[in-house]
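> Residues per chain are reported as follows:
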Amino acid sequence: MSNTRTVRRAKSGTTEPAWVKWSLIGVALAFVFLFLLLPLAAVFTEALRKGIPAFLEAFQEPDAWSAIRLTLVTAAIAVPLNLVFGVAAAWAIAKYEFRGKAFLTTLVDLPFSVSPVVAGLIYVLMFGAHGWFGPWLQAHDVKIIFAVPGIVLATIFVTFPFIARELIPLMQAQGTEEEQAAQVLGASGWQTFWHVTLPNIKWGLIYGVILCNARAMGEFGAVSVVSGHIRGQTNTMPLHVEILYNEYQSVAAFAVASLLALLALVTLVIKSFVEWQFERLEKAAAALPPEPAPLPAPV
Amino acid sequence: MQAALVSGPLAKRTPKRVLPGFNITLGFTLFYLSVIVLIPLSALFFKTFTLTWDQFVSAVSSPRVVASYQLTFGASFLAALVNAVFGLLLAWVLVRYEFPGKKLIDALVDLPFALPTAVAGISLTALLASNGWIGSLLEPYGISLAFNRNGVVIALIFIGLPFVVRTVQPVLEDAEKELEEAAACLGASRWQTFLHVIFPTIAPALLTGFAMAFARAIGEYGSVIFIAGNMPMVSEITPLIIIGKLEQYDYAGATAVAVVMLGFSFVMLLVINALQSWQRKRAGASS
Chain Z
1 MSNTRTVRRA
11 KSGTTEPAWV
21 KWSLIGVALA
31 FVFLFLLLPL
41 AAVFTEALRK
51 GIPAFLEAFQ
61 EPDAWSAIRL
71 TLVTAAIAVP
81 LNLVFGVAAA
91 WAIAKYEFRG
101 KAFLTTLVDL
111 PFSVSPVVAG
121 LIYVLMFGAH
131 GWFGPWLQAH
141 DVKIIFAVPG
151 IVLATIFVTF
161 PFIARELIPL
171 MQAQGTEEEQ
181 AAQVLGASGW
191 QTFWHVTLPN
201 IKWGLIYGVI
211 LCNARAMGEF
221 GAVSVVSGHI
231 RGQTNTMPLH
241 VEILYNEYQS
251 VAAFAVASLL
261 ALLALVTLVI
271 KSFVEWQFER
281 LEKAAAALPP
291 EPAPLPAPV
Chain B
300 MQAALVSGPL
310 AKRTPKRVLP
320 GFNITLGFTL
330 FYLSVIVLIP
340 LSALFFKTFT
350 LTWDQFVSAV
360 SSPRVVASYQ
370 LTFGASFLAA
380 LVNAVFGLLL
390 AWVLVRYEFP
400 GKKLIDALVD
410 LPFALPTAVA
420 GISLTALLAS
430 NGWIGSLLEP
440 YGISLAFNRN
450 GVVIALIFIG
460 LPFVVRTVQP
470 VLEDAEKELE
480 EAAACLGASR
490 WQTFLHVIFP
500 TIAPALLTGF
510 AMAFARAIGE
520 YGSVIFIAGN
530 MPMVSEITPL
540 IIIGKLEQYD
550 YAGATAVAVV
560 MLGFSFVMLL
570 VINALQSWQR
580 KRAGASS
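Residue numbers (the working numbering), protein chains in the order written: chain Z, 1 to 299; chain B, 300 to 586.
There could be a bad hint or two in this list.
To be verified - In silico PhoX-like pairs for lysine-lysine, Cα to Cα no more than 25 Å straight-line:
#1 21(Z) - 101(Z)
#2 202(Z) - 271(Z)
#3 401(B) - 283(Z)
#4 580(B) - 101(Z)
#5 401(B) - 143(Z)
#6 21(Z) - 402(B)
#7 580(B) - 21(Z)
#8 271(Z) - 476(B)
#9 580(B) - 271(Z)
#10 283(Z) - 271(Z)
#11 402(B) - 50(Z)
#12 476(B) - 580(B)
#13 202(Z) - 143(Z)
#14 476(B) - 283(Z)
#15 476(B) - 402(B)
#16 402(B) - 202(Z)
#17 401(B) - 476(B)
Because the hints were derived from the structure by calculation, they are not lab data.
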C-alpha cells in the first residue's frame with residue numbers, strides 16, 4: 001500500500017519542500033531532546049555524579065530496601081486486583097448491550113481525571129482518625145491510613161482504569177462470534193474465556209498490565225497523602241526519593257530514582273514490543289481473504 | 300447513580316443472553332467500582348455538607364487559595380497550549396516523514412506516562428536549577444526556570460506531552476491522502492491544503508489531546524512541587540494547598556478545596572467525552 005502511495009505522492013506534489021520537512025523534523029527533535037532525553041539523562045548522571053561506590057551506598061540503607069519492598073508489595077496487590085476488575089468490566093461492557101453502558105464506561109475512566117491528591121484525601125476521609133470508619137477502626141486496632149492498606153487502596157484508585165480501558169475497545173472490536181461458536185460447540189463459560197477470549201486479548205492485557213504496574217510503582221501524590229512518611233514502614237520508593245532529596249542527599253535520591261527510571265525504560269521497551277505484535281497481527285489479518293458477512297449481533 | 304444501572308430492563312433481559320457471565324461480571328464491576336471509587340468519592344461530598352455555606356465559601360475563596368487557582372489553571376493552560384503546538388508537530392513528523400531514530404523517538408514520547416512524577420520532578424529541577432545543565436547556561440542572561448512559576452509550566456509541559464501526540468497520531472495516519480491530492484490538483488498551495496483540508500480533519504483530536512493534557516495538568520502534584528519553590532501566593536499549586544490544610548488537620552478546609560477540584564474534573568471529563576464523540580462522528584462521516 002505504502003509503495004503505490006509514495007509513487008503517486010511524488011508525482012502529485014503533496015509533500016512539503018525539503019527545507020520545510022527538515023526544519024520541522026529539526027524542531028521536533030530539539031523538543032524531544034530538551035523535554036524527554038535530557039531529564040532522563042540527568043537522572044542517571046546525577047545518580048553517578050560521585051562514582052559507583054556512592055551510588056551503591058544508597059542501597060546499603062535498610063530504609064531503601066524497605067521502600068523497595070513496600071513498592072513491590074503494593075504493586076503485587078494492586079495490579080492483580082485491577083486486572084480481575086479490568087477483565088470483568090471489559091467482558092460486561094464489550095460483550096453485552098445494556099442501559100447505562102456509556103455512563104458506566106465513563107465512571108470506569110473517572111479516576112484518571114481525579115487529582116492524585118484528592119484520591120488520597122478521600123481515603124483519609126473514609127478511614128482516617130476523623131473519618132467515617134475512623135472510630136470503629138481505632139476501637140478494633142486496625143490501621144489503614146498512615147499504614148500499608150491505605151497505600152495499597154490509594155494505588156488501586158489511581159491505577160483503576162488502566163487495564164479496563166485497554167480491554168474494552170479491544171473486546172468490542174472483536175465482537176462475540178468466536179465466543180458464540182465456542183458455546184454452540186458445548187464449551188463452558190470458563191473454557192470459552194480461557195481458550196477463545198484470552199488468546200485474543202492477550203497482548204492488550206499485557207499492555208494494560210505493564211502500564212498499570214508502572215503507575216502503581218511510581219505513584220506519588222495519592223500515596224503521599226495516606227502514607228504518613230514513616231521511614232522504613234510506610235515509605236514507597238517515590239516517597240523515599242522525596243525524603244532523600246529534601247535532606248539534600250542528592251546522590252542517594254537520584255540513585256533510587258534511577259531504579260524507577262529503569263523501570264520506566266523497561267516499561268517502554270515492553271510497550272513497544274507489544275505494539276509491534278499488534279501491528280504484526282493486524283498485517284496478518286489484512287493479508288487474509290475477506291471474511292464472510294458477520295452473523296447478526298446477539299441480544 | 301448505581302440504581303439506574305442495576306435496576307430496570309437489565310434484570311428482565313439477562314436470561315436471553317447467549318454468553319454466560321453477564322450477571323457476575325457486571326455485578327463484580329459495580330461492586331468494585333463502588334468500593335474503590337464511588338463510595339470514597341461520596342465521602343468527599345458528605346464531608347463538605349458538614350460545613351456551612353459561609354464556611355465553604357471562605358475556605359475556597361481565601362486570597363491564598365484563589366492565587367493557587369490562578370497559578371494552577373494559568374500554568375496548566377499554557378502548558379497544554381505548548382503541548383498542542385509541539386504535540387501536533389511531533390505527531391506530524393512521526394507520521395509523515397522518515398528519518399533515522401524515528402522508532403526510538405516514537406517510543407520515547409510515552410516516557411512521561413512511564414516515568415514516576417517524583418523522578419521527573421527532581422530531574423527537571425536538577426537540570427534547571429542555577430547549577431544544572433540548562434540553568435547554568437541561562438543564569439548569565441538573568442533567566443531562571445526553577446523555583447518559580449516558569450518551573451511549574453515546564454513540569455506540566457513534561458507530564459502532558461504524550462496526550463496530544465497520541466490522540467493526533469492515529470487520526471493523521473488514517474487521514475485520506477486523496478483529499479490532499481484533490482486539493483493540490485485544484486491548485487491549493489501546501490499551506491492552504493494543510494489549513495483547509497488536513498487541519499479540519501485533525502482538529503477534534505487536537506482539541507481532545509489539549510483537553511486531556513489540561514485536565515491532567517490541573518491535578519498534577521508530584522512533578523511540580525520539587526520545581527515550583529512553593530511560595531504561598533506566588534508558586535503554590537492548588538493540590539499543595541490541600542496537602543497543607545491536611546497537615547494542619549484542617550480536614551473540612553482541605554475537603555472544600557478538593558470538591559472544587561473534583562467539580563472541575565467532572566466538567567473536564569464531560570468535555571473530553573463530548574470531544575471524543577465529535578471526533579468519532581467526524582471519522583465516521585469521512586469514511
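> So, for every hint listed, does it hold in this structure?
Here is what the structure says about each hint:
{"no.": "1", "hint": "21(Z) - 101(Z)", "in the structure": "violated, 45 Å"}
{"no.": "2", "hint": "202(Z) - 271(Z)", "in the structure": "holds, 13 Å"}
{"no.": "3", "hint": "401(B) - 283(Z)", "in the structure": "holds, 20 Å"}
{"no.": "4", "hint": "580(B) - 101(Z)", "in the structure": "holds, 19 Å"}
{"no.": "5", "hint": "401(B) - 143(Z)", "in the structure": "violated, 50 Å"}
{"no.": "6", "hint": "21(Z) - 402(B)", "in the structure": "holds, 18 Å"}
{"no.": "7", "hint": "580(B) - 21(Z)", "in the structure": "violated, 31 Å"}
{"no.": "8", "hint": "271(Z) - 476(B)", "in the structure": "violated, 29 Å"}
{"no.": "9", "hint": "580(B) - 271(Z)", "in the structure": "violated, 29 Å"}
{"no.": "10", "hint": "283(Z) - 271(Z)", "in the structure": "holds, 18 Å"}
{"no.": "11", "hint": "402(B) - 50(Z)", "in the structure": "violated, 33 Å"}
{"no.": "12", "hint": "476(B) - 580(B)", "in the structure": "holds, 20 Å"}
{"no.": "13", "hint": "202(Z) - 143(Z)", "in the structure": "violated, 38 Å"}
{"no.": "14", "hint": "476(B) - 283(Z)", "in the structure": "holds, 20 Å"}
{"no.": "15", "hint": "476(B) - 402(B)", "in the structure": "holds, 23 Å"}
{"no.": "16", "hint": "402(B) - 202(Z)", "in the structure": "holds, 23 Å"}
{"no.": "17", "hint": "401(B) - 476(B)", "in the structure": "holds, 21 Å"}
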